[in-house]
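Engineer: Protein chains in written order, with the numbering used here: chain H, 1 to 351; chain A, 1 to 246.
Since the hints were derived computationally from the structure, they do not count as laboratory data. Some hints could be false.
Stretch by stretch, here's where chain A covers chain H in the computed footprint (C-beta under 8 Å, at least three residues) [as the list claims (entries may be wrong)]:
1) 4–16
2) 179–192
3) 199–213
Ideal Cβ placement from N, Cα and C applies to all residues, glycine included.
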Amino acid sequence: MHDRLTQSMRASHLLALLFVLASLALAAMGTATDDTFYLRLGTEALIFAGLALSVDLLLGYSGVLSLGQALYFGIGAYVSALTLMKVPSFWLAMAAAFTASLLAAIIGGLIANRVRGVYFALITFGLAQVLAKVVYNTRELGSSDGMIGIPVIEIAFGPFSVSTGSPVGFFLIVLVVIMALYALTAYLLDTPFGRVLTALKSNERRVPFLGYSAWRARMAAYVLAGVVAGLSGALYPMLRGFVSPELMFFATSGNAVISVVLGGVGTLAGAIYGSVLLVILKSIIGSWTEHHLIVIGLIFMLCVLFLPKGLAGVLRPPVEAWLSRHRRIPGPVPDAPVLPAIAVDTKAAPQ
Amino acid sequence: MTPVLDIRDLGVSFGGLKAVDQVSFQAQRHRITTVIGPNGAGKSTLFNLISGALRPHRGQVLIDGVDMTGAAPERTKAAGLSRSFQITSLFSELTVAENLRLAAQVLEPVGRTLLPISRSTRALAKTGQMLDRFQLAHKRDDLVGNLSHGDQRRLEIAVCLASEPKILLLDEPTQGMSHGDTAATAELVRGLTDDVTVLLIEHDIGLVMSLSDHVVVMHQGRKLAEGSPDVVRADPAVQAAYFGHA
Ligand SMILES: Nc1ncnc2c1ncn2[C@@H]1O[C@H](COP(=O)(O)OP(=O)(O)OP(=O)(O)O)[C@@H](O)[C@H]1O
Ligand SMILES: [Mg+2]
Numbered sequence: 001m002h003d004r005l006t007q008s009m010r011a012s013h014l015l016a017l018l019f020v021l022a023s024l025a026l027a028a029m030g031t032a033t034d035d036t037f038y039l040r041l042g043t044e045a046l047i048f049a050g051l052a053l054s055v056d057l058l059l060g061y062s063g064v065l066s067l068g069q070a071l072y073f074g075i076g077a078y079v080s081a082l083t084l085m086k087v088p089s090f091w092l093a094m095a096a097a098f099t100a101s102l103l104a105a106i107i108g109g110l111i112a113n114r115v116r117g118v119y120f121a122l123i124t125f126g127l128a129q130v131l132a133k134v135v136y137n138t139r140e141l142g143s144s145d146g147m148i149g150i151p152v153i154e155i156a157f158g159p160f161s162v163s164t165g166s167p168v169g170f171f172l173i174v175l176v177v178i179m180a181l182y183a184l185t186a187y188l189l190d191t192p193f194g195r196v197l198t199a200l201k202s203n204e205r206r207v208p209f210l211g212y213s214a215w216r217a218r219m220a221a222y223v224l225a226g227v228v229a230g231l232s233g234a235l236y237p238m239l240r241g242f243v244s245p246e247l248m249f250f251a252t253s254g255n256a257v258i259s260v261v262l263g264g265v266g267t268l269a270g271a272i273y274g275s276v277l278l279v280i281l282k283s284i285i286g287s288w289t290e291h292h293l294i295v296i297g298l299i300f301m302l303c304v305l306f307l308p309k310g311l312a313g314v315l316r317p318p319v320e321a322w323l324s325r326h327r328r329i330p331g332p333v334p335d336a337p338v339l340p341a342i343a344v345d346t347k348a349a350p351q
Numbered sequence: 001m002t003p004v005l006d007i008r009d010l011g012v013s014f015g016g017l018k019a020v021d022q023v024s025f026q027a028q029r030h031r032i033t034t035v036i037g038p039n040g041a042g043k044s045t046l047f048n049l050i051s052g053a054l055r056p057h058r059g060q061v062l063i064d065g066v067d068m069t070g071a072a073p074e075r076t077k078a079a080g081l082s083r084s085f086q087i088t089s090l091f092s093e094l095t096v097a098e099n100l101r102l103a104a105q106v107l108e109p110v111g112r113t114l115l116p117i118s119r120s121t122r123a124l125a126k127t128g129q130m131l132d133r134f135q136l137a138h139k140r141d142d143l144v145g146n147l148s149h150g151d152q153r154r155l156e157i158a159v160c161l162a163s164e165p166k167i168l169l170l171d172e173p174t175q176g177m178s179h180g181d182t183a184a185t186a187e188l189v190r191g192l193t194d195d196v197t198v199l200l201i202e203h204d205i206g207l208v209m210s211l212s213d214h215v216v217v218m219h220q221g222r223k224l225a226e227g228s229p230d231v232v233r234a235d236p237a238v239q240a241a242y243f244g245h246a
């Protein structure tokens, strides 16, 4: 017995698989042409795709808009950078970033989950701004300049090892990490635990009367999203060799939201496509005009107006239809409306 | 035998308004107890106090002899209490089957919480059973938001039952239903008492008289009278306050 979400998840998996194939093709081409630029750009797009994934988990599944998800991305990046400068170990950096983002997301979740809707968006925004400013003014963390000189490291798996300095090698590592985060998130959403998260988006008030603590579910979604963002951020200093407070600024959080909307809210795979699309758009438009932000803003608005379900909203239904024809399960039903209205809930106001 | 639901001196006020005031009664196991009263009498507020949606200012709620006063809804649910809402409250962006399964999921052992949903076999079986029992099988993959009002009202009862509660609180389940649907729903509610204790809010007096084992009459937050349907109907105070306007 397959249900609608399981089925649309399968369509997302197929899109994710196509994405991996395209990435492998890029890796092969990059190796053949001895390219560095596009592989590095692709790696960066993938890293930010992890951040977009975390935004989509919140916006598309548990139904809350975080405008400060870069907070956890930045924490992951800084903790990874600090670790790498002491001990050049990929695994240690990832473990440190995991722990730090987990703890930070628990604290942030305790604060942000006191409120709903617009207030939630504002609090997450505020939390990220506050920490960004703290980092900006902390000399030990390099202040406004950030930290430079993060060493190139060897990532060891048993007998093999890959250098973060190898464009294609590190591209593949990042691809594996981001797809693992995608797979983990998608898996969890397809469990009873995940279904309670999606129920929050549809009708949070009803959830406790079914026997589930809505607060716990909200916390779980928030912490999971924080960790996904933190682990993605941990890869950033390995790619660029530096971290700066900009990683936590609103522009970073906002770009992740834009990526999710471009790619399709509530599809996971869409967040990854959207992130890559945004990076491509920026670099193409950026080569024509320095006012590329204006153009991106316009594209974003047009997308919200005319393509509200994003790229995956267009790509996924035919994939679902194709899947259901081949599995003989009931045909696709229209997707749930995207972009949940940010209802101002009077009861949710800070008490 | 301890009553399955024991309400003692329950009260809550909104500002100066005593929405529920000094209400006490008991619901006997496997019986239908109906709460009636004019609009604004405090019936839905009483349900909110019992189910944990609101915290009472005074009094107690005992479920199976255990004090559950002011417990959160997920705790009253865990104690065996399911409730429906006067204004349908379902997951309109999920399908009929998904709504049922979400409710039935509490039947699964905790160990399955993080396993793929297809492993939740008890919840799946329960979902199928409820779909058949409520004649919703052909609509199992429809989004709930697209169902007719009557189907949504029926699904709301099905969702409440999917978790196998001991006590079922139904707030005007037939509200806005067609004549035929109302009769069918009454029949259905009558059939529930094998498994559950029903606490019902209902406006249709004919239905109240034919369905209830016990009737509690509320007026301006207070309990005006209680007893068997016939006794309550004959009560002069009830006639003045309620049937007089009916
Ligand atoms: N959350 C609230 N805040 C303020 N007043 C409330 C609230 N809930 C209910 N009331 C008031 O309490 C009184 C009882 O309302 P309640 O909804 O319990 O009545 P009811 O008996 O269910 O009526 P109906 O038959 O119309 O459903 C009403 O005067 C109502 O306006
Ligand atoms: Mg009412």
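Engineer: Please flag the earlier hints that this structure goes against, numbers listed from lowest up.
Structural biologist: The structure breaks none of the hints.
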